[in-house]
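With chain A's structure known, arrange chain B on it following the hints.
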Amino acid sequence: MPTFSPDALKGKIAVVTGAARGIGRAAAVALAKAGADVAGLDICAAASAINTFEPASRADLDETGRMVTSAGRRWHPIVADQRDIGALCRGAQEVRSAWGGLDILFANAGIQAFKPLLEMEDADWHDQIDCNLNGTANAIRTFAPLLVERGGGRIIVTSSTQGQHGTLNGAAYSASKWGIIGLMKISRAGIGQAQDHGQRHRARAYRHGADPP
Amino acid sequence: MPGLIDTALTRHEDRYVQILQAAAKVPSYDEAKDEKAAAEGFASKLPLGLPWLPPEDIAPAVVFLASDAAALVSGTSIAVTGGDSANITA
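If you read the sequences in order, they're chains A and B.
Every letter in the first sequence is one number past the one before it in numbering that gives the first Met the number 0, and letter 137, counting from 1, is 136.
Every letter in the second sequence is one number past the one before it in numbering that gives the first Met the number 0, and letter 86, counting from 1, is 85.
Just so you know, not all the hints are guaranteed correct.
[As the list claims (entries may be wrong)] Covered stretches of chain B (chain A as the covering partner; in silico rule of three or more C-beta atoms under 8 Å from a C-beta of chain A):
#1 48-60
#2 75-81
[Said to hold, decoys possible] Capping the alpha-carbon separation at 35 Å, the derived lysine-lysine pairs in DSBU-like fashion look like this:
#3 A:114 x A:184
#4 A:114 x B:35
#5 A:184 x B:35
#6 A:184 x A:9
#7 A:11 x A:184
#8 A:114 x B:44
Read the hints as simulated data drawn from the structure, not as lab findings.
None of the values given here were measured: they were computed from a predicted structure.
Idealized CB from N, CA, C, for every residue including glycine.
With the rest of the complex left out, here is chain A (with noise of 0.2 Å):
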């Protein structure tokens, strides 16, 4: 794999949704050998039921975690949901305390299902766009305050080819790759106002959950 130079991200804090394998897994070991120390959170079960794939395990999420410290960084795991956006409350609490803050956010988690148009069930269509784009956005919401306090950091979201064009049969996740394209466009002006509110900012993004952090 590419490396970047172990003092790329220093002292950097980075939380990784989806980390427990696929581009999270990568994504988590990649920052961590950047200097970045990682907290990785995935849900650990099955997503959705209209789901074809493997879910992820808790075991997955601990090898990810073995990664991240064979480069000699810190680990943290968050096992989460990010549909409950108070679950991720409680995964930026614990950063915070555990750490101090935080520099990164890569909003990376999601799902993925084909079902023709007319033929989905609501379920075909509203998993995807909850998990994926409710869910990034919810990733955003609890950890960008985060970042506000530090005064600034990163956001980093997965989109796909697929918030780009559309695919047969692929219609809810397009949209929900679409949106988060919309989401990441407009976090740029929202959390940058939002330095200048900050404690407005977070009494909005935490009211649906728990006490800020």
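Just chain B, lined up with the frame of chain A:
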């Protein structure tokens, strides 16, 4: 913004079928669920000739975006697609 990545979400029969049927490469589920046929189909579609992209080759883009090297990169997408970007307009 990745393309077809070598992850659990991609490497299963349903996914092979969906992609190959979308590309009108195969008529039936049984023909499409074959991993070797899927790999050949995908590789022929991708300019760099890979069937699916290793997640370890997506991760460096994340590190770049997280680093000071990307200090002036904001509000945009980076496509890591093995060349599939050449097949779409955006």
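Hint-by-hint comparison with the structure:
1. 48-60: Holds, because 7 residues of the segment 48-60 of chain B bring their Cβ atoms closer than 8 Å to Cβ atoms of chain A.
2. 75-81: holds (count 3)
3. A:114 x A:184: holds, 28 Å
4. A:114 x B:35: Within the cut-off at roughly 23 Å; holds.
5. A:184 x B:35: Given that 35 Å is the threshold and the Cα spacing comes to 39 Å, the pair is violated.
6. A:184 x A:9: Holds, because 27 Å separates the two Cα atoms, which is no more than 35 Å.
7. A:11 x A:184: holds, 24 Å
8. A:114 x B:44: Holds, at about 23 Å.
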